[in-house]
Each structure stands twice: as C-alpha cells, then as structure tokens.
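Please build the complete structure, drawing on both the sequences and the hints.
Quick mapping for you: the protein sequence lines, in order, are chains S and Y. Sequential numbering from 1 applies to the first sequence in this note's numbering. Sequential numbering from 1001 applies to the second sequence in this note's numbering.
Please keep in mind that the hints were generated in silico from the structure rather than gathered at the bench. None of these values were measured; they are calculated from a predicted model. Glycine included, every Cβ here is placed at the ideal spot set by N, Cα and C. Don't take each hint at face value.
[Unchecked claim] Simulated pairs of lysine-lysine, DSBU-like, Cα-Cα distance not exceeding 30 Å: (1) K1033/Y with K18/S; (2) K76/S with K18/S; (3) K18/S with K1073/Y; (4) K1136/Y with K1033/Y; (5) K76/S with K1136/Y; (6) K76/S with K1093/Y.
[As the list claims (entries may be wrong)] Cβ-Cβ distance ranges computed for the label pairs, FRET-style: (7) L1100/Y with S81/S: 35 to 43 Å; (8) E79/S with S1200/Y: 35 to 43 Å; (9) Q44/S with H1189/Y: 30 to 38 Å; (10) R1092/Y with Q22/S: 24 to 32 Å; (11) N1195/Y with Q44/S: 33 to 41 Å.
[Said to hold, decoys possible] Here are some, though not all, of the chain S residues that point toward chain Y, as calculated from beta-carbon distances under 10 Å: (12) P11; (13) Q22; (14) G38; (15) T43; (16) L50; (17) E52; (18) A53; (19) K56; (20) E58; (21) L61; (22) L74; (23) L78; (24) E79.
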Amino acid sequence: MNPDDQPLTAPQVGELVKLIGQTRDVEFDCSECIAHVGEFAETQLEGRPLDEALAKVEHHLTLCPECREEWLALMKILEASV
Amino acid sequence: MTQTEINWPDALRATDRGEQAAAVSALRDILQKGLRVALGTRDDVSEAHIEDFAQESLLRVLDRLYQFQGRSKFTTWAQSIALNTAFAELRRKRWQDVSLDALTAQGERMADPAAMPDDLFGAGEDRERLVAALRKSIEEDLTPKQRAGILAELQGMPFDQVSQLLGTTRNAAYKLLHDARRALKSRLHEAGITNQDIQSAFNV
Chain S
1 MNPDDQPLTA
11 PQVGELVKLI
21 GQTRDVEFDC
31 SECIAHVGEF
41 AETQLEGRPL
51 DEALAKVEHH
61 LTLCPECREE
71 WLALMKILEA
81 SV
Chain Y
1001 MTQTEINWPD
1011 ALRATDRGEQ
1021 AAAVSALRDI
1031 LQKGLRVALG
1041 TRDDVSEAHI
1051 EDFAQESLLR
1061 VLDRLYQFQG
1071 RSKFTTWAQS
1081 IALNTAFAEL
1091 RRKRWQDVSL
1101 DALTAQGERM
1111 ADPAAMPDDL
1121 FGAGEDRERL
1131 VAALRKSIEE
1141 DLTPKQRAGI
1151 LAELQGMPFD
1161 QVSQLLGTTR
1171 NAAYKLLHDA
1181 RRALKSRLHE
1191 AGITNQDIQS
1201 AFNV
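See the structure below:
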C-alpha cells in the first residue's frame, strides 16, 4: 500500500485508542451537552463542584472537539464580561 | 433596569410590541458582542459574518425559548446557542468539499490488514496485541458507516459535517460513533486488554 493511501497514521490510531479508553456505556450526546454547557461554564468560573449531570458534560467535552471548542469560546465570553 | 435584572423569557414574549422589540434588540446586541469576543480574531470571520451569525442565533434562541430551564443565566444559555450556530457554519464551510464517496472508500480501507500493521507503534508485545485486536474489531464489528465515521473523526472532521455526509443528525452521528467505540472497547476487553493496559501501553 502506498504510504499516501494509508487511511490511518500512528497518531490517529493512538487517538482512537485514547478515545476507546475514555468510552463509557452511557454518555451525554451533543444536544445534552449544549443544554447544560452554560451551567457547566458558570459553575467552572465560580469554582463550584460538579454534580452528576455536569460531570457528564465534562466527560463529553473530553471526547467531542466541537463541543469543547464551543465551551472554550463561551468561557472566553464569560471571562470578558466578568 | 440592568441586563441581569431583565426577565428575558418574559420580555421576549411580551405582548407589548415596544417592550418585546426592545428586548429583541438588546439580546441581538449581547449576542453580537459575545461573538465578536469569541471569533473576532479569526481570519475567516468578518464583522458582516458576526452580524449574520447574531441574527441567525437570535432567531434560534427565540424558537427555543421554551427549552430554557433557568439552570444558567439566560444570556449564557443564549450565547451557547449563538456559538453553536456560528461554529457549525464555519465548520461547514471548511469541510464542504469532502464527499461521502471518498470518505466511505477510505473507511473501507481501514479494514485492510495493511492499514494497521502490528508494529505500527513499534515493537512490544502489549502494543502488538492491542493493535491486532483493534484491527480485527474494526474489520468484524464495525459497519461501513461506523468505519467511515470513525475515520472522519480521526481526520478532524466535525460531527456536524459527518452527520451531513451520512444523512443524519449530529446526535445520531455521535451515537453511531459512540456505539462504534463501545464495540471496539468490548472486543479489546474480550481479548484481555483492559483500560489499564491501554494506558500503560500508550501512556494515555
């Protein structure tokens, strides 16, 4: 197989293994994350502990780069308005 | 009255048209200001984009008012919707030229043994055993859609775009890939490979 045709590189397989290691039987999907991410961001800024639902948001953010990108942008907005 | 004292859902639903228009206008300004903070330094985002995103986001917020449960400040909730709207559009533009056919063809090549040689991560019994089990599971346990979706995810394609290519929703795409990860994890566990083995072999 031509190296250019390789569908997977070692870093990508490493990332897949990492994702598998973090997989749980029950996870929040993106909609559930978006529904709670505002509360999650405010809780983080105030330094309060996470309840069960917000812990699921935190876990989803480790697996979903899109939701993580949106959460980081939200934190930037909230920090700018403090 | 300050913004934090406004009862936004009531103001946005007000029967007094003047009151409602003022609330809508104030919320649009807040969303626009937030988007400017979040996206203003990006090369691919102009002030016109920010105005468009703010207007589109405003309509989505008004459509979803009934979903606001008061678990955060209203403006935080609205900003999260605005960011989701804006980033989804920016990702769509970035990935619009990728076709499902190309993705599916690449995904099928993931099942080719040559795609993942045992020594992909160098020598080491644990690593080789893990790669062999992973390759077998990709070939036998995943559907073509799951292979294509996993590959797209590893290549950095966002769920929004994966779901569009697969003709499904972002949530359904996430579930498809979650099911795929669970199947792979289950196979690794059946092969006697635990999370601890993964962590020690790959330092993750």
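We went through each hint and held it up to the structure:
{"no.": "1", "hint": "K1033/Y with K18/S", "result": "violated, 37 Å"}
{"no.": "2", "hint": "K76/S with K18/S", "result": "holds, 27 Å"}
{"no.": "3", "hint": "K18/S with K1073/Y", "result": "violated, 35 Å"}
{"no.": "4", "hint": "K1136/Y with K1033/Y", "result": "violated, 51 Å"}
{"no.": "5", "hint": "K76/S with K1136/Y", "result": "violated, 43 Å"}
{"no.": "6", "hint": "K76/S with K1093/Y", "result": "holds, 23 Å"}
{"no.": "7", "hint": "L1100/Y with S81/S: 35 to 43 Å", "result": "holds, 41 Å"}
{"no.": "8", "hint": "E79/S with S1200/Y: 35 to 43 Å", "result": "holds, 37 Å"}
{"no.": "9", "hint": "Q44/S with H1189/Y: 30 to 38 Å", "result": "holds, 33 Å"}
{"no.": "10", "hint": "R1092/Y with Q22/S: 24 to 32 Å", "result": "holds, 27 Å"}
{"no.": "11", "hint": "N1195/Y with Q44/S: 33 to 41 Å", "result": "violated, 26 Å"}
{"no.": "12", "hint": "P11", "result": "holds, 9 Å"}
{"no.": "13", "hint": "Q22", "result": "holds, 8 Å"}
{"no.": "14", "hint": "G38", "result": "holds, 3 Å"}
{"no.": "15", "hint": "T43", "result": "holds, 9 Å"}
{"no.": "16", "hint": "L50", "result": "violated, 13 Å"}
{"no.": "17", "hint": "E52", "result": "violated, 13 Å"}
{"no.": "18", "hint": "A53", "result": "holds, 9 Å"}
{"no.": "19", "hint": "K56", "result": "violated, 13 Å"}
{"no.": "20", "hint": "E58", "result": "violated, 15 Å"}
{"no.": "21", "hint": "L61", "result": "violated, 13 Å"}
{"no.": "22", "hint": "L74", "result": "holds, 6 Å"}
{"no.": "23", "hint": "L78", "result": "holds, 7 Å"}
{"no.": "24", "hint": "E79", "result": "holds, 9 Å"}
Checked against the numbered hints given earlier, the structure breaks hints 1, 3, 4, 5, 11, 16, 17, 19, 20, 21 and satisfies all the rest.
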